[in-house]
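With the hints as your guide, set chain B onto chain A.
Protein sequences appear in the order of chains A and B.
Residue numbers are given in this note's numbering: position 237 of the first sequence equals residue 237, and the series is strictly consecutive.
Numbering-wise, this note's numbering comes out as the position in the second sequence, counting from 1, plus 427.
Any given hint might turn out to be false.
Partial list, derived from the structure: chain B residues whose beta carbon lies under 7 Å from chain A [as the list claims (entries may be wrong)]: (1) GLU562; (2) ALA590; (3) PRO594; (4) THR610; (5) PHE616; (6) GLU617; (7) GLN620; (8) PRO687; (9) ARG691; (10) ALA893; (11) PRO898; (12) ASP1106; (13) THR1112.
Worth flagging that the hints you see were computed from the coordinates, not collected in a lab.
Every residue, glycine too, gets a C-beta built ideally from N, C-alpha and C.
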Amino acid sequence: MRTNLRIPMSRRLLLKAGAVGVALPALEAMLPRGHAAGDAASDAPNRLLLVGRNLGMHAPFLFPETPGLGYEATRYLKHLEPNRGRFTLFSGIAHLRHTNHHSEPGLFTGVDWDRIKEPLREHRNTISLDQHVADRIGGDTRFRNLVIGPPVQWHFSWTAKGVPVPTERQPTQVFKKLFIDGTEAEIKSEVERLRTGRSILDQVGEQAKSLGRQLGPEDRRRLELMFSAVRDTERNLLRFESWAGEPKPVTNYPTPKADPASDDLAGRENLWFDIARLALHTDSTRVILLTMGDVGRVKLDGLTLAHHDASHHGKDETKIEQLAIIEEAELELFNRFITAMADIREGDSTLLDRTVILSASNLGNASAHTSENLPVFLAGGGFKHQGHVLYDRENNTPLSNLYARILQQLGVEEDRFGCSTGVLQDV
Amino acid sequence: MPPIKGIETVQRFTASSVASGRVPLCGWFVSAVVVTVFCWASPHAAPAGDQFLGRHCVACHDRDGHEAGLNLEDMQIEPAKQENLLTLERVYDRISRGEMPPPDEQQPSADEKKAFLDRLGAAMRQTGLEQQATEGRGPVRRLTRKEYENTVKDLLQINASLAELFPDDATTDGFDKVGAGLTMSASHFEAYQLAADKALAEAIPEKKFVPLQYAEDAHALFNRRRDTFSTYGCWLEDDAFIVTSRLFYPYTAILAPMAPRGGRYRVRVTAEGRNNDGKPLPLGIGVHSNLTAKPDAPDLEQWHDFSELATSTITTEIDLEADQWVHIFGVTLWSRDWVMPRYRRGELWGKSALAIKRFEVEGPLKADGTLETWPPESYRILFDTLPLKLLSQVTKQAAAKGTPDPWVPSSDVPKEDAERLLRRFLPKAFRRPVSEAIVAEYVRRIHDELDAGVPFHHAMRNGYKAALCSPHFLLLEETPGPLDPHAIASRLSYFLWDGPPDESLLAAAADGSLARPEGRRSHVERMLADPKTARFERSFTDQWLDLRRIEATSPDGVLYPEFDAAMQLSCLRETQCFFHDMLAEDRSLLEGIHSDWTYLNEPLAALYGLPDVQGHELQRVSLPAGSHRGGFLTQASVLKVTADGAKTSPILRGKWVTERILGVTPPAPPDGVPAIEPDIRGATTIRVQLEKHRSNSACVGCHRVIDPPGFALESFDVIGGWRDHYRVPQSTGAVIEVPRIKKRVHRGPAVEVGYVMPDGRPFADIDAYKQLLLEDRDGLARALASKLLAYATGAPVQFADRADVVALVEEIRGKNYGLRSLIYAIVESRPFLNK
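Chain A extracted, bound-state conformation (with noise of 0.2 Å):
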């Protein structure tokens, strides 16, 4: 197994200690492995959180018109005053050409439009941000990356072969497989099956190779696909079985009992949130998509409209006051999130300094349909932030170059990604 280990502070060592079940206010988590001291000297940002959202955001409310870090604090921007400084605000970004519902696929893969326009089978969607960069900049980590976040119909991550990345819903579930160990013969059980798995997948692998050549030129082709996804499926077991030994992150956040109720949207976006933040704090994974969008019908203070009515207002003052009620408590709940990275200590800097968070919705206006001037806010990550960058409304700036920004701040020397036409450099 392992050799070179460095377990700061292992389960076994606060045992000993007799420190288990006391709350450790300053030292939220323990760090395991690979958070190597190298790693923990760089100030540069090694992990990118995306949080997708698919009903816009009501932009009067939101953009202000003076650009700059000195912007007036709009009625939705109030909300981010804490943070002033900490995160930009991008208004006339979008990508190009994309409309209308059902532009959810091209989010994070920046992708031609006239690859996804057509109904799902006909789309050919390409590799999406967080998937593109886990392979860049994972690093020795428990986990590839995650894709998770409350139960939704659409996908924001995609495979480099356009395959849809399904995301994992149950954030009980998820907080287990991050932080709870499994007993001794639990663990020992596991690694046996993930050995036995690899050489399952190898058959599997060979089969579909045999399989595909009986079939036609079409069904070959999906065939291919399912012989990658056995592969990416192989380096997974492979990752977990060099980990299964490892004893997992220990925190004093409570263990989540039960799924948060679909109506409780503070309890459920905050759970999100923090097991977001505590995967990349614990450096469990570096690459996080949190799906989020459509919060359905949800109890707020004088809300009687779901978020879906709400947001197809038609100018309606009353409906979009409704909106506003739930946009609000999503903006006061994304900056609690920014404060609570800022507030973490990575050396000489904070996680928030070294996460580049992206929050971004596939539509500008949902009562109009369309997707233009997205609502798009970069926080942490060590940008020098401008508070609000204001582009042409009228002719957007490409999101996708964004995106080739973000890749050159993560350290990937690249400079190109989804339709981008240049590196945006406002930033």
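Leaving out everything else, chain B in the frame of chain A:
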């Protein structure tokens, strides 16, 4: 022939232009005649750039202008190119519906239009059929997660929930079975292994089990509760255990012992009702998964009525997983918040109560109804008659202290047994004969492991696990062209049973009888008589009618105080029973639009404002005149899934009816149309709001089609009750009396009824709307036939299949459009019998 360019106006798709075109209600084409004249013969060759298109379309859709992203100037029709089929389908439909050319442009004559559509249709069908011959109508597809679970259950004769281990399957063209959406990611292959482990652990139990044979009378039931519980909410009275409050855990909880093993269990309850105004009282039977999870809310699976007049006994069966409990409780009894204060004050309880006299549970049951014994059937399937031994006997090493000593299969001739068992298992698992090369590979791997010292039981388990993760197990193998008999067997079984073919079907595939219509017919009849058909009824209605979303929204408790879990289950059951009878009795699919009967129970009859029906068990009743009910559209389940819990939306309901019942998918606004944001300011009612919305030309095209059914259903509230007025949260000075529970809610504005069809015919209310729908019987039949065909074949109906759908409808027209007849016809159709 150069294209004719002249008119410079680039005006299309405006409110006036679309509003004046006749839009057919159902399906994709104006008349069936157009399609039936498609010929198979090769069309005449024509130069690139079509004359008709040149004359009528290219002025806008030219090479340079590309109006709506469409270049018809270079569009070749004969032959129609594969990559253009989707575009041409849209061209065909819009021209045939009269939407194009726009009405303010020069119109083709009727003859010219028909000639063109015939030519275009024939060319498209030919290209479509050629494509189908080389590729099939859809890709080779994997099992859905539900199919996977059913397949493993049937193959191994176990009961374990496996579907939940997988990511949700995408719904494409309305169904999760449509292959294009059934992608496979690394998550799937990880889950396949977990699921196989779970299934094999259940199938090869390491611990001996004793089947449950539980029976207790009232005294035993009462005394089994913990002593400290005193008599909260229940007491003993002669031979009866009296329960006054529902779900008062643990005081009035009545649980049978834990299931020793997953499977089907028989439940028998002897009881009677008390103090319920002479009406029967329902006893709920639920499944309890984990004592600590939600002890107050077991999943309600079924209920049975108990009379006040006499003691009666009900016998039923229920599926349990290992370590689950059967829980019985009074569904409609009072809540503990009512019972306890009165109990503490020492009041006598004079309200409804259940008197339970005897409770029995036994199982797991084998298929023949007898008790499963050790070793279980699943073990026989995997290890035949090989003896089970304690691991310590096999390894000749005593188990370490504190570690279990499991029972494991053992063999004196491991290599021979391994080969024998695998040869027996693989064809069943892969649903077809398995090539020697594949068998040899499995055997070789197991032999290698045995040579390496891996114990027999371990090596075998790995072999079986590999089989359950194999593409041959996970994929429905079909090659382009006519299906081979084994592929037909799987098509039939995944269509009608949502699971694998049984031995009889596989035998019929092997002896060739499935290659003949009469052989298929006799198997379809046999299959529809099998209880496994319930899976089809469930799966199809869950998806077609969206019933799987029945729990997606919780009705607002202030506005809809009468809604509860019992009502939710009632409305679900109504639709399921209704569909079941349609299928079982070959009733006309037009009854899905309107029928003079339905299934009701006490809560539903009250919700519908119909004469009292006693009891909670669903009963088939005739609907009185003027009931506004009958058919799917007016069933509470459908009305609930099309609302969001507090509000209804004519748009959402209209879209639902249009797509699911009429079979029309409204097209998205074309690319390049500048979006004009809808402006509904100042609109006081939903109708005025939508009128304003429709004044936007980008919106009207769809809304004139989807709004009418939405407005027809506006008379029904979010839980399916009839309404003349909306219910509102704030006081208006007026109230609505809620029947049955004697509560009041605030009365809002009156509901506006009536609207116009897309073609302008007015209707006064839902009853009139349904009658207008029924004028296009063939259209309704085509719509449902297309849904069933997509479900049955895992591929949506393409242009080239339209003629087949028309033929299906012709086949059942003389049979009163019977639903069962439609199933028989589908099984014999070209799309079903070809990949």
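Next on the checklist: B:ALA590 was flagged as interface toward chain A. Is the shortest Cβ-Cβ separation under 7 Å?
Outcome noted: violated, 14 Å
Next on the checklist: Min Cβ distance, B:GLN620 to chain A: is it shorter than 7 Å?
Outcome noted: holds, 5 Å
Item to check | Given hint B:GLU562 near chain A, where the shortest CB pair must fall under 7 Å | outcome: holds, 5 Å
Checklist entry - Would the hint on B:THR610 stand, with a C-beta cut-off of 7 Å toward chain A? => result Since the shortest Cβ distance to chain A is 5 Å, the answer is holds.
Item to check | Given hint B:ASP1106 near chain A, where the shortest CB pair must fall under 7 Å | outcome: holds, 5 Å
Item to check | Restraint outcome when B:THR1112 is required to lie within 7 Å of chain A by C-beta distance | outcome: Violated, about 12 Å.
Checklist entry - Can we keep the B:PHE616 interface hint, with Cβ of chain A closer than 7 Å? => result holds, 4 Å
Checklist entry - Is the hint on B:ARG691 kept, meaning its closest Cβ partner in chain A is under 7 Å away? => result violated, 28 Å
Next on the checklist: Given B:PRO898 as an interface hint, is its Cβ closer than 7 Å to any Cβ of chain A?
Outcome noted: holds, 5 Å
Checklist entry - Should the hint that B:GLU617 touches chain A count as held when the rule is a Cβ pair under 7 Å? => result holds, 6 Å
Checklist entry - Can the hint on B:PRO687 be confirmed by a CB-to-CB distance to chain A that is less than 7 Å? => result violated, 23 Å
Next on the checklist: Under 7 Å is the threshold here; is the Cβ of B:ALA893 close enough to any Cβ of chain A for the hint to stand?
Outcome noted: holds, 5 Å
In summary, the structure is inconsistent with hints 2, 8, 9 and 13 from the numbered list given earlier, while agreeing with the others.
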